[in-house]
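Make the full structure from the sequences, and use the hints.
Here the protein sequences line up with chains U and F, keeping their order.
In terms of the working numbering, the first sequence is residues 1 to 81.
In terms of the working numbering, the second sequence is residues 1001 to 1273.
Keep in mind the hints are simulated off the structure, nothing from the lab.
Take every hint as true, because none was put in to throw you off.
Pairs of lysine to any residue residues, derived as SDA-like cross-links and limited to a Cα-Cα distance of at most 20 angstroms, are as follows:
1) 1084(F) / 72(U)
2) 1268(F) / 73(U)
3) 1107(F) / 1122(F)
4) 1268(F) / 75(U)
5) 1086(F) / 74(U)
According to the in silico footprint, chain F covers these stretches of chain U (three or more CB under 8 angstroms from chain F):
6) 46-52
7) 56-65
8) 71-78
Sample of chain F residues lacking proximity to chain U, with all beta carbon distances greater than 10 angstroms (derived):
9) 1009
10) 1181
11) 1235
Heads up, the beta-carbon is just placed ideally off N, CA and C, and yes, glycines get one too.
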Amino acid sequence: MMWVIEMIVLIMVVITAIGAITVKDLLGAAILFGAYSFMLCLLWAIMGAVDVAFTEASVGAGISTVLFVAAVFRTSRRTRD
Amino acid sequence: MGKIIVLLFGSFLVYCTLDFPDWGDPGSPASTHVSPYYIEQTLEDTSVPNIVTAVLADYRGYDTMFETIVIFTAVAACFLLLRKIKSDEPETRMYRHIPTGTTFRIKKGGRYPRESVDFERIDLQWVPYGVVIKTTCRLIIPFIQIFALYVIAHGHHSPGGGFQGGVILGASVIVYAISSNLRSSLNRFGERIAVLLCTLGVFLYAATGGLCLLLGANYLDYSALAPIFGVDPVTARSHGILMVEIGVGMAVMAAMISLYYNLSSGGKFDEGL
Chain U
1 MMWVIEMIVL IMVVITAIGA ITVKDLLGAA ILFGAYSFML CLLWAIMGAV DVAFTEASVG
61 AGISTVLFVA AVFRTSRRTR D
Chain F
1001 MGKIIVLLFG SFLVYCTLDF PDWGDPGSPA STHVSPYYIE QTLEDTSVPN IVTAVLADYR
1061 GYDTMFETIV IFTAVAACFL LLRKIKSDEP ETRMYRHIPT GTTFRIKKGG RYPRESVDFE
1121 RIDLQWVPYG VVIKTTCRLI IPFIQIFALY VIAHGHHSPG GGFQGGVILG ASVIVYAISS
1181 NLRSSLNRFG ERIAVLLCTL GVFLYAATGG LCLLLGANYL DYSALAPIFG VDPVTARSHG
1241 ILMVEIGVGM AVMAAMISLY YNLSSGGKFD EGL
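In structure tokens:
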């Protein structure tokens, strides 16, 4: 049963990673990156690396999303390429 | 052309992962030489139950110290790139008269209302404060901060440590800045304090190492601190780890707040997210 959850989380990691680099809206990309970090955090928690999961949850899903949103707020919301 | 190179390189990397030992393989080099030593000796050497904390702050102390310095460098780079030292006067300023709720637009060169309890300066794109957001943030911020201090102080026994606790502590101030505005957050936690605490945190880490050096041991060998704390060398290593974690927590908290201030206001420290 455990491997099913692991597989779902792993697929979500890949989907959010591809989404974060293809989405044209930079605010959406920042949010997708936060979701990616959260899924990765779940994966690490499943593997038993609780300290790494904790760091990923606070830094990856928490602070860096805020910093990205702040940077998008000060620049433009759409990519040029 | 670029896609072909990326695909070739990516498939090469995936092919290389086949040589990796399996996850949790007891016969892999890491599990036969390095890990058993830490698992068996950490409690005897340092009296710290959480092996990860002991490895990060004691056995691999240099690594964590330079990680902290990397964060300090990031703050310095962000400051040098974004911060506008000369504050040019904005074209218009908006003020709000609190008792009546009316807003004033004052052009450049006009007279600003004096510092009083009736007037407050607001952002150009000001939206009325949401009661729900403000009250919720006011309620949860103290608990976030207590949890952050717990994470720093309890890093010896449970997952966590200076890095995570510092980030959570910084996040509480950022939550306050988002829920009210950047100006009132700067009044509570100024830019100078942020930069000073960041430097002080890195200094605390390096000074702990230097103190060990002065007491005749190797750099960052906390067992030399035993006479200062008045305990045996094994417990002194645990206390040394705590000192270092506090330094890391201070540096990381101030770094996150400083980065947020610089990024959200574009270096002007005037109006922000």
